[in-house]
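Visitor: Using the sequences plus the hints, can you model the full thing?
4 protein chains.
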Amino acid sequence: MPSTWGKIFKVSTYGESHGVSVGVVIEGVPAGKRFPFEEIQKDLTRRRPGQNDLTTPRDEEDRLIVESGVFQDKTTGSPILLKVNNKNTIGSDYDEMAHVFRPSHADYTYSEKYGHRAHVGGGRASVRETIGRVAAGGLARVILEEELGVQTIAWVDQIGTIPSNIDDTKYPISRDYVDTFPTRCPEAYANTQMESLIRKLRDEGDSVGGIVKAIVKNLPPGLGDPVYDKLDADLAKALLSISACKGFEVGSGFLGTEQTGSQHNDEFYIDRNTGQVKTRTNNSGGIQGGISNGMDLIVRAAFKPTSTIKKEQKTVNDQNEDTVLKAKGRHDPCVLPRAVPIVEAVINLVLVDAYFYQRALQPKWLLKYAKMDQVT
Amino acid sequence: MPSTWGKIFKVSTYGESHGVSVGVVIEGVPAGKRFPFEEIQKDLTRRRPGQNDLTTPRDEEDRLIVESGVFQDKTTGSPILLKVNNKNTIGSDYDEMAHVFRPSHADYTYSEKYGHRAHVGGGRASVRETIGRVAAGGLARVILEEELGVQTIAWVDQIGTIPSNIDDTKYPISRDYVDTFPTRCPEAYANTQMESLIRKLRDEGDSVGGIVKAIVKNLPPGLGDPVYDKLDADLAKALLSISACKGFEVGSGFLGTEQTGSQHNDEFYIDRNTGQVKTRTNNSGGIQGGISNGMDLIVRAAFKPTSTIKKEQKTVNDQNEDTVLKAKGRHDPCVLPRAVPIVEAVINLVLVDAYFYQRALQPKWLLKYAKMDQVT
Amino acid sequence: MPSTWGKIFKVSTYGESHGVSVGVVIEGVPAGKRFPFEEIQKDLTRRRPGQNDLTTPRDEEDRLIVESGVFQDKTTGSPILLKVNNKNTIGSDYDEMAHVFRPSHADYTYSEKYGHRAHVGGGRASVRETIGRVAAGGLARVILEEELGVQTIAWVDQIGTIPSNIDDTKYPISRDYVDTFPTRCPEAYANTQMESLIRKLRDEGDSVGGIVKAIVKNLPPGLGDPVYDKLDADLAKALLSISACKGFEVGSGFLGTEQTGSQHNDEFYIDRNTGQVKTRTNNSGGIQGGISNGMDLIVRAAFKPTSTIKKEQKTVNDQNEDTVLKAKGRHDPCVLPRAVPIVEAVINLVLVDAYFYQRALQPKWLLKYAKMDQVT
Amino acid sequence: MPSTWGKIFKVSTYGESHGVSVGVVIEGVPAGKRFPFEEIQKDLTRRRPGQNDLTTPRDEEDRLIVESGVFQDKTTGSPILLKVNNKNTIGSDYDEMAHVFRPSHADYTYSEKYGHRAHVGGGRASVRETIGRVAAGGLARVILEEELGVQTIAWVDQIGTIPSNIDDTKYPISRDYVDTFPTRCPEAYANTQMESLIRKLRDEGDSVGGIVKAIVKNLPPGLGDPVYDKLDADLAKALLSISACKGFEVGSGFLGTEQTGSQHNDEFYIDRNTGQVKTRTNNSGGIQGGISNGMDLIVRAAFKPTSTIKKEQKTVNDQNEDTVLKAKGRHDPCVLPRAVPIVEAVINLVLVDAYFYQRALQPKWLLKYAKMDQVT
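Residue numbers (my numbering), protein chains in the order written: chain A, 1 to 376; chain B, 1001 to 1376; chain C, 2001 to 2376; chain D, 3001 to 3376.
Treat the hints as calculated values from the structure; they're not laboratory data. Being a predicted model, the structure only gives us computed values, none of them experimental. Honestly, I wouldn't trust all of these hints.
Quick list of in silico lysine to aspartate or glutamate cross-link-like pairs, DMTMM-like style, CA-CA up to 20 Å [unchecked claim]:
(1) A:K311 x A:D296
(2) B:K1278 x A:D322
(3) B:K1074 x D:D3318
(4) B:K1042 x B:E1061
One-sided and incomplete, this derived list gives chain A residues near chain D with beta-carbon spacing under 7 Å [what the hints assert, rightly or not]:
(5) I8
(6) P30
(7) Q41
(8) P49
(9) V142
(10) Y189
(11) R359
(12) P363
(13) L366
(14) V375
(15) T376
Not close to chain B: a few residues of chain A, all C-beta gaps over 12 Å, as computed [claimed, not checked]:
(16) L54
(17) K87
(18) H105
(19) D107
(20) G149
(21) D167
(22) T169
(23) I173
(24) G289
(25) R300
(26) W365
(27) Q374
Note that beta-carbon positions come from the ideal geometry of N, C-alpha and C, so glycine has one too.
Guide: Below is the structure:
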């Protein structure tokens, strides 16, 4: 099961929902960086379930543990192991699912692929797998913030058919502001509607999907590596590797396909204040030819409704028999609020690797764009 | 510029629009396979421009050349170099673009990233780069067809606001049938409308975007490798690595986000004829938990309108000055018809690598799903 | 610090001598294999210090901990985290070395490379780093034994100027027999001389080097991947990546350079009993053209004397001043006995990866050479 | 057949002795570098056969062809394809070897691995495969020379039992000086003896082995990446991946195993002229803990005698029958002189990749050690 990712800032995640721990080994971390324990812990806390009544009641503390690579609060250059222990044990809730394939879940495909099932909590298909990526993404985030001034912010842009109607070019959104809304949709009216919808579906034993949008500010031009590691290609892979993600857009995305070139093209101009090259529109979403262009990077990720629901469903079992299933286990009626920090994490993992690759090959770019006093 | 892709069936592409040649080195090809020269040539011919009046008039023969790895029509197990020579030389059309950044093109970002511009024909950002992938994808296609019976078919599903209205579950589409339509939208009425739109925009010096849809039939369950090499994640990366692609969907994609779990879940049942596990709906698009489930794999890719247009546009030059540009060079008013074989190629590259990885780790899966007399 | 290794059976090790734990994440493990906990524990116990008075007195239990990837004693296909907790804390012995570069140790180079020193116990340069590899190597060993019947056996072939004089073609050596000798040189007279030499040098505060030889029996022909992953090239890298290793030989090695082709060539013949192709001599060491030929694989690795000694040495400190050093910390007068299981482990890691790669590309080879009832 | 190498400066070689061409695709080359066409051509010419009567008479011009990645004599950042066309066609000399396995050659192992034989000239096992590496190594060499001042020089240190007796610490050797000797052993008396020996064995239809030694001067401290990409580990792999190489040593190598730590340790001192840290002896061979220490890097590689000889040998054929073989084809009685530029090339490939990785993670190291006006 390939769980290694990145060319230079390389992460290897491990762990399943009901093993001893879940975590990540990170190699390719510069030596001599302050290790941002508190920032990473904060990211993990944002990700964990049980933060309010909209998410699964499974409440685990998710305390960050560092087992290597850090000495006296600084990175040593050695691989860093970050992990969180699992606390909950296997519940009897899962017994009935031991031999029944949950519709639209990974039960059947894991069974066909590996010739077995880790039915307990979905095993590696559990969203708990993302802990390693959120931890590593937290480290990536701080490196990007400190060395380049980059800010990555995600929020819930739609739940079911309820849009956020947020125009991110109009007013700045911060991660802290996003967190003041239980749905992580930072628009009061939409948030209220979304809350009602989620509660209603939860009570019905049903679930709902939605869209997360993310913006990356202050990203310098020049990151991303055509042709195979184009920034948008790597972001697409990163987002689709999150459970339940079914779609990806950068910039104008699917809607842009309906336009003509003269409508869609982003005209360049010289910003009189800064002397920098900018574009008047941003249909490109901050990426042209697979490389960041200095404008805000904008992506959207579609998440399907949670597949584990309490309503009765027709399905089959591992004896090749038709049957019905009415799930009892804990589940999230809507993964969107918790997907927000995961989306940010995988974006930051992509960006930091593109950054390190760029400075490997064109070090003078660094002198132009980085805060050199922060660089190792 | 990272141009290597794949874990086992690994491709390294090279070449730019106006160099000597463009091509690919493929390592990880089993020895003893028939080398499908004609099939690959056919795929290259489908990709090349100038096939009808809808595409760029640049007409190159794109003849396949094999420089290594094949002996007496069989693969030897050694790396295979496939290439096509470039014939056209640099035209004076490009002179005026030497110092002007074309809006929404990769000129500016290449300049910031690499500190230079290969202004002649877009260099590596040219769609001509895809020749290597189409050639390698042709070899991948034949391996998948012969050993697993897999069929990958793509078509134009939308141009501008004109949808194809094709229900692929109703009647089977073949690659040959798709090719009978100049737009590669295999629905007569939509094709006619699309043709008119493309001609109109071409005459105006403008361009238009659209959507390519692809289906993979007879894909056995078990391909794709969570958590980072999920089949849909790798497909997303593959498609977004094609120039002008701005969005990706698998199965229900963005529309599925509006549904509830009970609407969206694909119920399993036992097919009475075959005894196989199937799903009644296919919102999953043939992938669950990142692994193929034996149903048709369905993806869609959004392509923005071609950025090079002949209409006058405001922009800046490499002296940091505002200016205007009216492009003169050859250009495609709509890349969609030619994107079809490229989309198929990158899908087949993803699938063959997932297939080889699966048989590396679970060889007995092979005995269940492959035609063993075709396997080396 | 790149600590990921392998194409398919991929290991990522982490941990330093005085962190919380040292270990490894293994991806690319087939699902459904019995997890050989006891065998791996045995390999770890063979590696640990303090087994007799010839090695460093640091006595840690080195108990294997499994945190993921195993369920009900079987591999699940998910990444497997294996680790051992560190018990000893940082001793004051290391204080004096905090600012002094130990001659021939990695202190100075780590300082120049990373801009810092993890002076406590050598950090990642400590032999304790090998725990992750020995654990992963134990899993590799059992896969190779069960599926192919492969036996990897190493022993001490020389210490200082004392040779073992063992002719491994004459009588079979087993791992258990090797372990009956404190020096792991399985020849009684040589062992006695070596013991005396090590004790003498230990008492003088000095150290000594030597050579480990390894043989791999029952290795089928066809493993190893020219041109860059030739079996001998990968073995050379694996062995040189062990601390203190300064040389590698396969088959005739350096002595073979003095011969003519007619002396050195290994003539083929048909074994009348088995009908198999064999060679009368084995100067090739079981590898021809980078691929195993079915004969015993034979390699040798040279280890320099331990660099940490108690004798006074001239050196410099991190203030760029000349100084003297008389080390006080625990140290091994001779690493050779403990290098034996490490050498076996890295050989098995190379072999299992070559095996998985071979079956990815030429699965029918598997039907010829593997015990299919043991294969997943 | 894995033929991709390197983490950042990544090379993919292709081609066999009797295909259309042999060459390499290099990705990970900084944009904006002068492309050293003449220097690379010179390296290729040094490698080619037929330079004097000591080597195989096969005389091919080996003219460098560049098909991508270079524009107006500068690198563009895109993958660079370098190649040399093959001129000689398949001779009837090879017919008799079509079904007979040459002793100690790769015929039998290729046959068992791939299920076929490319008997014509050894296919990918031919030394002609090294052309791609020599070309890429030439580019690496110039980058290292221009940006760091590094000089890599190899020579023949022994042929058969004739040593060179060269003390490289006493007088400086240059590549040009080495080339004034037909054997590339830059010591007049030894060269004469070696010439005689090679001619004698050639006339007898026999062959002989030997040792190549290489020194890298002006290598800054800090290159090489423990634990798996230690500089000496990567060098060992690089050298062992050259055909006929059977052994590797760094610094004191196998002889160092006979010493005590107090004899072997390299004491540090401050060089009064430069203020730099140096060692009085160099048993470490310029590498400590897998990282360069600023002293001369010194390695040795053992090459077995050429396996293709004209003397009659017993062997078997592909019908599993005992037979005899008397080879007729062209062959080199001694590969050592031509191995010299190949050894340099693979060393430079290892070094440039370590250099790029180091500047990716510790860019400030660059400001200390590189000539910044030469860096992109």
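Visitor: Give me the numbers of the hints this structure contradicts, sorted from smallest to largest.
Guide: Numbers 1, 7, 8, 9, 10, 18, 19, 24, 25, 26 - these are the hints that the structure violates, sorted from lowest upward.
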